[in-house]
Amino acid sequence: MKICVCVKHVPDTAATIKIDGETGFKDSEIKFVVNPYDEYGVEEAVKLKEKNGGEVVIVTVGKPEAAATIRSALAMGADRAILVTTDSQFLDASLTAKALKAAMEKDGLPDLIFTGKGSVDTESFQTQYRLAHSLGIPVVNEVSTLSVDGKKAVAELEVGGGDKQVIEMGLPCVIGATKGLNEPRYPKFPDIMKAKKKKIDEMTLADLGLDASAQGVTLEKLEPVPERTGAKMIEGSVEEQVTELIRILKQDEKVL
Amino acid sequence: MDLNPCMKHQLIRKTVREFAENEIRPRAAEMDKGPGFPDDLMEKMKPLHYFGLQVPGHLGGADLDTVSYAIVVEEISRVSAALGLCITVHNSVGIYPILRFGTREQKQQFVPPMAAGESIGAFCLTEANAGSDAGGVETVARETAHGFVINGTKIFVTNGGICGTILVFAVSDSDPGKPGVFIVENHTPGFSVGEIEDLCGMRANPVASLFFEDCAIPADHCLGIPGQGLKIGLTALDTGRIGIAAQALGIAQAAFEESVSYAQARQQFNKPISRFQTIQNYLADMAVQIDAARLLLYRAADVKDTGRPFSAEAAMAKLHCSTTARMVTDLAVQIHGGYGYSREYDVERYFRDAKVTEIYEGTSEIQRMVIARHILTRPT
Numbered sequence: 001m002k003i004c005v006c007v008k009h010v011p012d013t014a015a016t017i018k019i020d021g022e023t024g025f026k027d028s029e030i031k032f033v034v035n036p037y038d039e040y041g042v043e044e045a046v047k048l049k050e051k052n053g054g055e056v057v058i059v060t061v062g063k064p065e066a067a068a069t070i071r072s073a074l075a076m077g078a079d080r081a082i083l084v085t086t087d088s089q090f091l092d093a094s095l096t097a098k099a100l101k102a103a104m105e106k107d108g109l110p111d112l113i114f115t116g117k118g119s120v121d122t123e124s125f126q127t128q129y130r131l132a133h134s135l136g137i138p139v140v141n142e143v144s145t146l147s148v149d150g151k152k153a154v155a156e157l158e159v160g161g162g163d164k165q166v167i168e169m170g171l172p173c174v175i176g177a178t179k180g181l182n183e184p185r186y187p188k189f190p191d192i193m194k195a196k197k198k199k200i201d202e203m204t205l206a207d208l209g210l211d212a213s214a215q216g217v218t219l220e221k222l223e224p225v226p227e228r229t230g231a232k233m234i235e236g237s238v239e240e241q242v243t244e245l246i247r248i249l250k251q252d253e254k255v256l
Numbered sequence: 001m002d003l004n005p006c007m008k009h010q011l012i013r014k015t016v017r018e019f020a021e022n023e024i025r026p027r028a029a030e031m032d033k034g035p036g037f038p039d040d041l042m043e044k045m046k047p048l049h050y051f052g053l054q055v056p057g058h059l060g061g062a063d064l065d066t067v068s069y070a071i072v073v074e075e076i077s078r079v080s081a082a083l084g085l086c087i088t089v090h091n092s093v094g095i096y097p098i099l100r101f102g103t104r105e106q107k108q109q110f111v112p113p114m115a116a117g118e119s120i121g122a123f124c125l126t127e128a129n130a131g132s133d134a135g136g137v138e139t140v141a142r143e144t145a146h147g148f149v150i151n152g153t154k155i156f157v158t159n160g161g162i163c164g165t166i167l168v169f170a171v172s173d174s175d176p177g178k179p180g181v182f183i184v185e186n187h188t189p190g191f192s193v194g195e196i197e198d199l200c201g202m203r204a205n206p207v208a209s210l211f212f213e214d215c216a217i218p219a220d221h222c223l224g225i226p227g228q229g230l231k232i233g234l235t236a237l238d239t240g241r242i243g244i245a246a247q248a249l250g251i252a253q254a255a256f257e258e259s260v261s262y263a264q265a266r267q268q269f270n271k272p273i274s275r276f277q278t279i280q281n282y283l284a285d286m287a288v289q290i291d292a293a294r295l296l297l298y299r300a301a302d303v304k305d306t307g308r309p310f311s312a313e314a315a316m317a318k319l320h321c322s323t324t325a326r327m328v329t330d331l332a333v334q335i336h337g338g339y340g341y342s343r344e345y346d347v348e349r350y351f352r353d354a355k356v357t358e359i360y361e362g363t364s365e366i367q368r369m370v371i372a373r374h375i376l377t378r379p380t
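Protein chains in written order, with the working numbering: chain A, 1 to 256; chain B, 1 to 380.
If you're looking for bench data, these hints aren't it; they were derived computationally from the structure.
Mixed in with the good hints, there may be bad ones.
Claimed, not checked - 20 Å max Cα-Cα, derived PhoX-like pairs, lysine-lysine: (1) B:K355 <-> B:K33; (2) A:K188 <-> A:K49; (3) A:K51 <-> A:K188; (4) B:K8 <-> A:K196; (5) B:K46 <-> A:K188; (6) A:K152 <-> A:K51; (7) A:K198 <-> A:K49; (8) A:K2 <-> A:K152; (9) B:K8 <-> A:K199; (10) A:K18 <-> A:K31; (11) A:K49 <-> A:K2; (12) A:K199 <-> A:K63; (13) A:K49 <-> A:K151; (14) A:K2 <-> A:K199; (15) A:K196 <-> A:K51; (16) A:K198 <-> B:K8; (17) A:K194 <-> B:K8; (18) A:K197 <-> B:K44; (19) A:K188 <-> B:K8; (20) A:K47 <-> A:K151; (21) B:K44 <-> A:K47; (22) A:K152 <-> A:K47; (23) A:K221 <-> A:K18; (24) A:K49 <-> A:K194; (25) B:K8 <-> A:K31; (26) A:K199 <-> A:K106; (27) A:K188 <-> B:K44; (28) A:K2 <-> A:K198; (29) A:K47 <-> A:K194; (30) A:K63 <-> A:K196.
Let the hints inform the model, and build the full structure from the sequences given.
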């Protein structure tokens, strides 16, 4: 079985992002990681390979620096990788999905595809759906339990209130992994040494016949989240407090 | 030598740091109340090959180069120096002498359980009347028809309370001038562990005295040729010093990071104390010493990896890294003021942990002797 795992190279959630220009940020100063949700996908794919044999291929669309992040996924046990290089961290989900599809078609379509439930940088939560739609195959997102058996996959996802939905579908399909699916492993030292020798095929969007400027959504501007100003304490009797609160909402904050 | 860490080394550092931050840091302060390491933590580390870092693959290890080894020890020590100590002593003075001087049979018998973490290594040289002066060792190995019988007491043995495979430095009863190194397993009759030492730092590590009373071991438990003990001991210490240097560097790095963030957060006179030149000078001094320490350490590791003699380089790295650890943790407490003297803050633990790096595996005074000997005997 051939399994592709879509892995995004994202800033560590603990990193302090310093905005640079209109739509850039100082990425050389911060730590990048495998998108945490994608890590569950890598772990699940490697577990399936360990059980049934086959091949796990990491597919990434991102800046050339993403190669370092890909090595982390290779150290977890993936066999090789494909990196479609772009100039920007921000590619809209439709173009990302097209690039993933083109790279997979070029390499030979897999039997199963994992993505994370979303990426922690742009959080658009669309790529898995767009990818599955363009390939004409089923997709289930936020999968927390999965079994794959011959020609079908059974996925469970939480639907709120403690209820679970169980979905059976044919292969190939796209699985959006989330927390609970597994416990991603820490790579063993010998696997880290092996990861350095594994192959990463690099190609550009143009090599895949795609135009980087043909994005449905473009990023206009990045702005820092404004710092919260101090809370106001309203003193006095209940009547005085309510009167003052309404005055503030009407006159100062102009929300009423 | 390429001074930029290569991709392989970056990936090793990243992997160990993630493990250390997630699995060790939340428990490091609790572990410091010691002694001993949580079993479940040790179990997590075993399959990842932390106990066979430089052991060849066919003996169950990770076969890392020495630079990678130093990075692993630094990163573990950055969160828990006492656990870093356990790892480095086990891998360097515990396993390395067997790999270097052991017979094929000795390697196959002793190394795989050690590499799997099932048998923790210890190396014991120090006694009440011997330490820096290895010639003062009074533990005796009496040769018999079946092997050797060991009698004596070793003190301040790192990993003493949890050790399974122990390298014992002892003199021969017939010729006290000819010491040997003997492999004793913890189930040998006559072997026992004393009280765990109540130490200033490294409190999670069960450092203890070990007693050998008519401990009979087979003849094939002698490492190398009888009488070659001093050479084995010194070689073990050379490689051990790279590990201790890495450990000291990890402590210094941790104290430095805490100091930088504290100095930016702590306000006095209506501004962060990092705006004061005195604090800036402290931070600059710390950074320079740490950078120099790291370069000396990687050079020593790199020289060892290329197969050249590395004794002087290891001594220089150990001397500078341990001095740096003491200086940096001292300044870190100073920057933290009263808080730095409180157990609420990690720098208090780093301060206590740092001092012993100037003492064990050769005091700073001994390192200077080793370095001077190389200066004065090296052809100019």
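Checking one constraint from the list: CA of A:K198 to CA of B:K8, max 20 Å. Satisfied?
Since the Cα atoms of A:K198 and B:K8 sit roughly 12 Å apart, the hinted pair holds (cutoff 20 Å).
Given hint A:K196 paired with A:K63 - CA-CA distance at most 20 Å:
holds, 19 Å
20 Å Cα cutoff - pair B:K355, B:K33:
Holds: B:K355 and B:K33 sit about 18 Å apart, inside 20 Å.
Checking one constraint from the list: CA of A:K188 to CA of B:K8, max 20 Å. Satisfied?
holds, 13 Å
Restraint status (C-alpha distance of A:K221 to A:K18 at most 20 Å):
Cα-Cα ~13 Å, so holds.
Taken at face value, is the distance from the CA of A:K196 to the CA of B:K8 at most 20 Å?
Satisfied, since the Cα-Cα distance of roughly 6 Å is no more than 20 Å.
Is A:K198 within 20 Å of A:K49, Cα to Cα?
Given that 20 Å is the threshold and the Cα spacing comes to 16 Å, the pair holds.
Given the hint that A:K47 pairs with A:K194, does the C-alpha gap stay at or below 20 Å?
Status holds; Cα separation ~18 Å.
Mind checking the alpha carbons of A:K199 and A:K106 for me, to see if they're no more than 20 Å apart?
Holds, at about 16 Å.
What's the verdict on A:K47 and A:K151, does the C-alpha distance respect the 20 Å limit or exceed it?
holds, 17 Å
Pairwise hint evaluation, A:K188 against B:K46, where the allowed Cα distance is 20 Å at most:
holds, 10 Å
Would the pair A:K197 and B:K44 pass a check requiring their Cα atoms to be no farther apart than 20 Å?
Status violated; Cα separation ~26 Å.
Hint check: violations occur at hints 15 and 18; the rest are consistent with the structure.
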